[in-house]
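Trainee: Use the sequences and the hints to build the structure in full.
Heads up: the sequence lines are chains A and B, in that order. Mapping to my numbering: the first sequence position 71 is 71, numbers consecutive. Mapping to my numbering: the second sequence position 125 is 125, numbers consecutive.
Hints in this document: simulated from the structure, not taken from any laboratory. Some hints here could point you the wrong way.
Which copy? The list can't say, so a pair holds if one copy fits it or any two copies do.
Here are the simulated lysine to any residue pairs, SDA-like style, with alpha carbons at most 20 Å apart [claimed, not checked]: (1) Lys247 with Thr135; (2) Lys103 with Leu136; (3) Lys247 with Asp171; (4) Lys245 with Gly106; (5) Lys103 with Glu164.
Note that the structure is a prediction, hence the values are computed from the model and not measured.
Number of protein chains: 2
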Amino acid sequence: MTIHDYLQEWAAEVEKTLDEVLPATGRQPASIHEAMRYSCMGGGKRLRAVMALAACRAVGGAERDALGYGAALEMLHAYSLIHDDLPAMDDDDYRRGKLANHKVYGEAMAVLAGDALLTHAMEQLAALPEFYPVTLITAYRLMNEVTRACGTQGLIGGQVMDLENTGLPADAATLEAIHRRKTGALFEVSLKGGAMIGGGKNNELAALTRYAENFGLAFQITDDLLDVVGNQEALGKETGADARKNKATYPGVHGLERSRQMAADCLDACQASLSFLSGETWPLQQLAASILERDH
Amino acid sequence: MTIHDYLQEWAAEVEKTLDEVLPATGRQPASIHEAMRYSCMGGGKRLRAVMALAACRAVGGAERDALGYGAALEMLHAYSLIHDDLPAMDDDDYRRGKLANHKVYGEAMAVLAGDALLTHAMEQLAALPEFYPVTLITAYRLMNEVTRACGTQGLIGGQVMDLENTGLPADAATLEAIHRRKTGALFEVSLKGGAMIGGGKNNELAALTRYAENFGLAFQITDDLLDVVGNQEALGKETGADARKNKATYPGVHGLERSRQMAADCLDACQASLSFLSGETWPLQQLAASILERDH
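Mentor: What follows is the structure, encoded as structure tokens:
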């Protein structure tokens with residue numbers, strides 16, 4: 001099986017799980033359920049979810065056991081994108097090649113759809129022991145990890161720092177601090193949480209946390225590189241947007257060549273961390289290898 | 001001790017707990033911690049929190065054991081008010097006699113401060129067993145109850161219905177459906193959750209749920225009445241705002257006299273439900289009695 005097949009197969013399972021756990025559009029109030037599904041279904045590679053599944057496998061567990069957890073992570077990711085795209089925030093009209101949530105449903109509904117996806121993700125986490133082989137104590141620890149990853153030291157803090165530094169002279173430390181929170185925190189909790197569900201030992205959780213830190217950084221650097229050199233069609237959003245918005249980027253701070261090297265170094269560190277794991281690691285190995293080749 | 005003293009004493013304890021659990025403004029990123037504290041500290045009667053404490057007491061527990069839970073409820077309440085006040089939503093400039101969050105910190109920060117309070121409330125719920133005599137299974141059940149109360153069948157759903165029905169001809173059923181979600185759901189989970197922490201039996205939880213439903217309705221009716229007949233200074237916000245915004249209200253649908261009678265009937269139902277409880281019920285009894293006399 002290639003990593004492409006692995007990603008496709010499990011992304012489809014994540015999609016199915018999301019379809020099951022998101023409120024049906026037939027349910028009242030229908031408008032918000034539509035808005036939630038618009039941004040949460042049928043889009044993206046489900047990278048955060050699939051990495052949770054792969055981490056579960058990498059410590060000896062089964063991918064399937066982390067599906068509910070992966071779905072919760074995708075809801076959190078979708079919530080953060082909806083709110084980030086709002087006119088008062090990054091003011092983006094497009095996301096994943098389609099109109100941003102607020103362009104379709106209006107600002108009020110977009111705020112509420114984000115709120116609802118965040119809330120529903122937490123509900124999903126709290127329900128894991130009912131539907132998956134996840135013990136109460138593990139669900140409890142996951143809740144701790146995830147809420148911290150999403151809070152002012154994680155996702156939200158990263159967005160705050162991003163907004164506050166837009167237009168300011170960029171420095172390397174701030175740039176990394178922003179992305180460790182904005183992108184890294186959710187990747188970390190994906191891998192660590194997936195491994196917790198798989199019964200990973202502490203040294204395995206630590207190894208996967210290192211993998212996640214480096215993967216997240218490499219992911220962000222290639223994202224920034226794509227914004228400069230990618231093509232709009234493959235990316236599903238406008239290129240050059242960061243520069244127009246005066247956002248600090250890796251190529252902007254470090255230059256193209258050095259940025260590419262940094263990403264490559266991160267991915268080497270990813271590979272090195274995998275030697276500490278007791279389960280099947282080829283999906284994580286291939287995933288890290290594929291990042292440099294991504295075109296969207 | 002009068003109910004006034006009881007409310008004051010415990011509201012002060014809730015305030016102290018919030019001060020302890022909210023991130024310090026000295027912590028980075030400082031701006032979001034300031035914005036969170038601006039809307040969450042130093043305001044309101046802490047009714048949702050104090051009712052959780054009183055419910056804990058009413059089933060034989062100690063108020064103090066529900067303080068962390070009460071603080072989480074107040075964060076959730078503050079989050080919902082910040083987002084409700086946004087220009088795209090209810091567009092309110094004032095709240096509790098001071099400028100709305102977005103008027104002070106801007107829209108982007110207000111969205112993020114709301115997100116952060118919601119996230120932090122969940123983090124706080126997940127941390128209850130570490131700091132309070134709350135078992136893991138109770139924390140887990142609380143998380144289930146609270147996320148449902150805050151979701152599209154609760155708080156968020158109520159706000160969606162409110163927005164969608166603004167300006168439409170008001171009918172009694174829609175009005176009640178909105179307020180059961182928008183105000184009622186959080187009161188219900190306050191009382192039920194407080195009782196769960198106090199070790200309440202199922203029939204006690206059911207009785208407190210009835211109390212909460214009726215209290216929430218009476219609270220909303222008097223809120224609507226105050227908007228018509230109250231004075232702006234005592235209320236801390238403009239009166240007549242509902243009418244200007246074409247919001248459905250109880251006096252608008254049922255008339256002043258019938259609305260007053262409905263509130264009185266609800267409060268009778270509150271009192272009746274208290275006979276099923278094994279603990280000290282005078283605070284809940286007095287609280288229900290005091291609702292009709294509120295002037296803000």
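Trainee: When the structure is checked against the list of hints, which entries are broken? Sort them ascending.
Mentor: Violated hints: 1 and 2; rest satisfied.
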